[in-house]
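2 protein chains.
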Amino acid sequence: MAAFPWEESNFMKAARRQPVERVPIWLMRQAGRYLPEYRQLREKVSFLELCRSPELAAEITVNAVARLGVDAAILFADLLPILEPMGFDLRFGPDEGPVIRNPLRLPDDVESVREIQEKDLGALDYVFRAVRLARANLPAEIPLIGFAGAPFTLAAYAIEGRTSRSFERTKRFVFAYPQAWRELMERLVASVARYLNAQIDAGVQAIQLFDSWAGCLAPDHYRQFVLPYTQAVVSQLPRNVPVIYFLTGNPALIPLQAEVGGQVVGVDWRVDLADAWAAIGEDHAIQGNLDPAVLCASREFVLEEARRILERTRGRPGHIFNLGHGVLPSTPVDNVLALVDFVHTWDPQQMP
Amino acid sequence: MAAFPWEESNFMKAARRQPVERVPIWLMRQAGRYLPEYRQLREKVSFLELCRSPELAAEITVNAVARLGVDAAILFADLLPILEPMGFDLRFGPDEGPVIRNPLRLPDDVESVREIQEKDLGALDYVFRAVRLARANLPAEIPLIGFAGAPFTLAAYAIEGRTSRSFERTKRFVFAYPQAWRELMERLVASVARYLNAQIDAGVQAIQLFDSWAGCLAPDHYRQFVLPYTQAVVSQLPRNVPVIYFLTGNPALIPLQAEVGGQVVGVDWRVDLADAWAAIGEDHAIQGNLDPAVLCASREFVLEEARRILERTRGRPGHIFNLGHGVLPSTPVDNVLALVDFVHTWDPQQMP
Numbered sequence: 541m542a543a544f545p546w547e548e549s550n551f552m553k554a555a556r557r558q559p560v561e562r563v564p565i566w567l568m569r570q571a572g573r574y575l576p577e578y579r580q581l582r583e584k585v586s587f588l589e590l591c592r593s594p595e596l597a598a599e600i601t602v603n604a605v606a607r608l609g610v611d612a613a614i615l616f617a618d619l620l621p622i623l624e625p626m627g628f629d630l631r632f633g634p635d636e637g638p639v640i641r642n643p644l645r646l647p648d649d650v651e652s653v654r655e656i657q658e659k660d661l662g663a664l665d666y667v668f669r670a671v672r673l674a675r676a677n678l679p680a681e682i683p684l685i686g687f688a689g690a691p692f693t694l695a696a697y698a699i700e701g702r703t704s705r706s707f708e709r710t711k712r713f714v715f716a717y718p719q720a721w722r723e724l725m726e727r728l729v730a731s732v733a734r735y736l737n738a739q740i741d742a743g744v745q746a747i748q749l750f751d752s753w754a755g756c757l758a759p760d761h762y763r764q765f766v767l768p769y770t771q772a773v774v775s776q777l778p779r780n781v782p783v784i785y786f787l788t789g790n791p792a793l794i795p796l797q798a799e800v801g802g803q804v805v806g807v808d809w810r811v812d813l814a815d816a817w818a819a820i821g822e823d824h825a826i827q828g829n830l831d832p833a834v835l836c837a838s839r840e841f842v843l844e845e846a847r848r849i850l851e852r853t854r855g856r857p858g859h860i861f862n863l864g865h866g867v868l869p870s871t872p873v874d875n876v877l878a879l880v881d882f883v884h885t886w887d888p889q890q891m892p
Numbered sequence: 541m542a543a544f545p546w547e548e549s550n551f552m553k554a555a556r557r558q559p560v561e562r563v564p565i566w567l568m569r570q571a572g573r574y575l576p577e578y579r580q581l582r583e584k585v586s587f588l589e590l591c592r593s594p595e596l597a598a599e600i601t602v603n604a605v606a607r608l609g610v611d612a613a614i615l616f617a618d619l620l621p622i623l624e625p626m627g628f629d630l631r632f633g634p635d636e637g638p639v640i641r642n643p644l645r646l647p648d649d650v651e652s653v654r655e656i657q658e659k660d661l662g663a664l665d666y667v668f669r670a671v672r673l674a675r676a677n678l679p680a681e682i683p684l685i686g687f688a689g690a691p692f693t694l695a696a697y698a699i700e701g702r703t704s705r706s707f708e709r710t711k712r713f714v715f716a717y718p719q720a721w722r723e724l725m726e727r728l729v730a731s732v733a734r735y736l737n738a739q740i741d742a743g744v745q746a747i748q749l750f751d752s753w754a755g756c757l758a759p760d761h762y763r764q765f766v767l768p769y770t771q772a773v774v775s776q777l778p779r780n781v782p783v784i785y786f787l788t789g790n791p792a793l794i795p796l797q798a799e800v801g802g803q804v805v806g807v808d809w810r811v812d813l814a815d816a817w818a819a820i821g822e823d824h825a826i827q828g829n830l831d832p833a834v835l836c837a838s839r840e841f842v843l844e845e846a847r848r849i850l851e852r853t854r855g856r857p858g859h860i861f862n863l864g865h866g867v868l869p870s871t872p873v874d875n876v877l878a879l880v881d882f883v884h885t886w887d888p889q890q891m892p
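In order, the protein sequences belong to chains V and W.
With positions in the first sequence counted from 1, the corresponding number in this note's numbering is that position plus 540.
With positions in the second sequence counted from 1, the corresponding number in this note's numbering is that position plus 540.
No lab work stands behind these hints, which were simulated from the structure alone.
Be aware that a few hints might be false.
Stated by the list, open to error - Derived contacts from chain V toward chain W, CB cut-off under 8 Å, selection only:
1. S706
2. K711
3. A716
Where is the CB? At the ideal position from N, CA and C, for every residue including glycine.
Can you make the complete structure from the sequences, with help from the hints?
Written out as structure tokens, the structure reads:
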């Protein structure tokens with residue numbers, strides 16, 4: 541028996557490209573609006589209150605694992621609160637997504653962006669308390685995944701002020717003010733690395749870095765303006781903690797995702813999993829890649845699509861089953877349960 | 541001197557992968573809001589009125605070519621009005637994008653979608669009149685490009701009713717009602733093919749088929765649910781009219797774009813042009829692929845990025861320079877002029 545049973549879990553084995561007894565599965569947003577118990581809670585408490593209540597955040601985190609039978613827990617939290625101690629005024633409206641009241645627009649604005657130091661981590665203490673509570677209440681064989689937004693995605697939010705289709709403001713900033721961009725990214729790198737290390741200290745076993753918006757970039761621009769900073773974050777995390785680097789919206793960036801330095805490359809559904817795996821080479825695990833919309837179709841279709849993905853990973857260790865993005869709110873819970881069950885009955889040793 | 545001087549244009553030569561004297565360039569939305577004269581016109585006339593006035597639409601089409609010195613004209617029109625004679629109630633609000641008041645939601649709704657017959661084309665006569673007027677007023681060496689939305693993108697609009705981020709409703713329809721989807725796509729295929737053939741009869745020299753939203757699909761889903769219908773449209777167009785099949789948002793679909801049957805594959809900026817060209821093989825021309833946001837940066841940056849693209853196409857005939865998507869409203873006109881000039885001074889014969 542290992543001192544830390546989660547180290548022997550199929551999730552950790554897959555992240556390290558070791559053979560597994562069964563294919564591990566977890567789902568982005570597995571604790572979310574598609575669950576009736578989550579919706580009930582949200583009727584009483586706002587999203588931000590949930591994120592800031594360690595007890596509730598931990599409860600949601602743990603309950604989703606119990607309900608679904610998945611192989612990993614992911615901390616219930618949001619990508620953006622890290623921007624608050626950096627000086628941004630973040631608001632969550634009732635219907636609209638998060639809005640930053642003082643977005644960064646001019647190169648001089650970067651001067652007022654505060655890099656998070658050790659002493660500033662107290663402002664995010666509710667996250668670390670949620671980690672400790674969730675870890676204490678999870679079964680010992682279930683790893684807990686911590687996470688943060690990657691520097692590009694956080695910078696894009698800070699510049700746009702809200703979600704965007706074209707990320708026009710962000711790109712104009714990057715192209716027009718390369719020196720200010722570098723300064724902004726360096727402050728984000730240091731802040732994200734401290735935030736993630738504090739999550740690790742509080743008790744997470746793995747990290748997912750979300751670059752949800754980097755898919756808007758050309759490969760050359762990603763390489764020049766983003767890759768060095770994403771690498772810098774990962775380089776500051778302990779080697780024994782698996783890092784999943786997730787990016788959505790551009791399969792042409794997958795080879796660059798592999799250069800970031802994480803053990804696992806997280807891909808969306810826009811790419812054939814076999815092609816993605818070929819693109820990242822032998823020395824990385826892969827996570828993905830079911831289209832979340834598939835889970836809204838019939839049970840038969842869900843299982844057919846899951847089989848298609850699993851068949852493409854046969855005979856090669858290092859696949860963590862997941863969606864290519866978060867569970868959609870209209871997803872039937874029964875389909876999620878059927879998917880988890882199907883993935884767990886798949887024989888990962890069977891050769892192609 | 542050819543009977544039709546446009547047949548000897550660099551645009552038509554590039555589309556047919558013949559050597560050119562200079563690299564042809566045109567820009568998606570080259571007649572758009574970034575032009576002060578267009579904004580002046582729009583202060584007096586709504587977008588839909590512009591589209592429906594053959595005189596104004598032709599004038600905008602022709603003036604953009606004169607103003608920019610580009611190598612092709614693209615008809616000023618919108619993707620969606622074809623849905624009106626098919627039974628959809630299309631509205632353009634003042635700020636919001638187009639909205640369909642009676643979106644298609646249930647499989648039975650497909651029954652009421654009308655396939656456009658020859659006799660129904662009168663409802664779109666303003667488009668064909670604009671083609672005739674624009675052709676009559678363009679220099680004889682400038683080809684005029686007609687266009688339509690591809691069946692998937694039109695179907696997605698008909699189902700969502702407005703623009704969407706996840707295309708959740710569309711995918712649920714595709715996955716849950718494959719038979720109704722087939723019926724819907726067949727009606728769209730016949731309608732789009734008739735619409736495009738009527739544009740060709742009215743005087744366009746090339747066609748661009750816009751699949752602006754198909755990038756949301758996994759390659760397997762594109763192949764199964766979309767490719768046969770896109771192929772069916774192109775197969776009904778005369779072989780001597782070059783077809784550009786444009787798709788944005790998913791570089792993993794580029795090899796499938798080449799299977800559609802058009803002479804030219806139009807790509808966005810998310811992919812390295814050399815990689816895209818390798819993916820489509822030797823028997824297709826390629827169009828693209830500057831990020832429109834680059835045009836909002838400094839003139840030096842614009843030219844540096846244009847050079848990077850041109851260097852990747854050296855020594856291989858068949859490149860039409862374009863953006864990876866439409867010109868952004870905030871683009872400085874001078875940057876567009878500098879780009880056109882730079883591309884025209886590039887020596888396409890110079891070997892790598």
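Here is how each hint holds up against the structure:
1. S706: This hint holds: V:S706 lies near chain W, its Cβ roughly 7 Å from the closest one there, short of 8 Å.
2. K711: Since chain W brings a Cβ to about 4 Å from V:K711, closer than 8 Å, the hint holds.
3. A716: holds, 5 Å
Violated hints: none; the structure is consistent with every hint.
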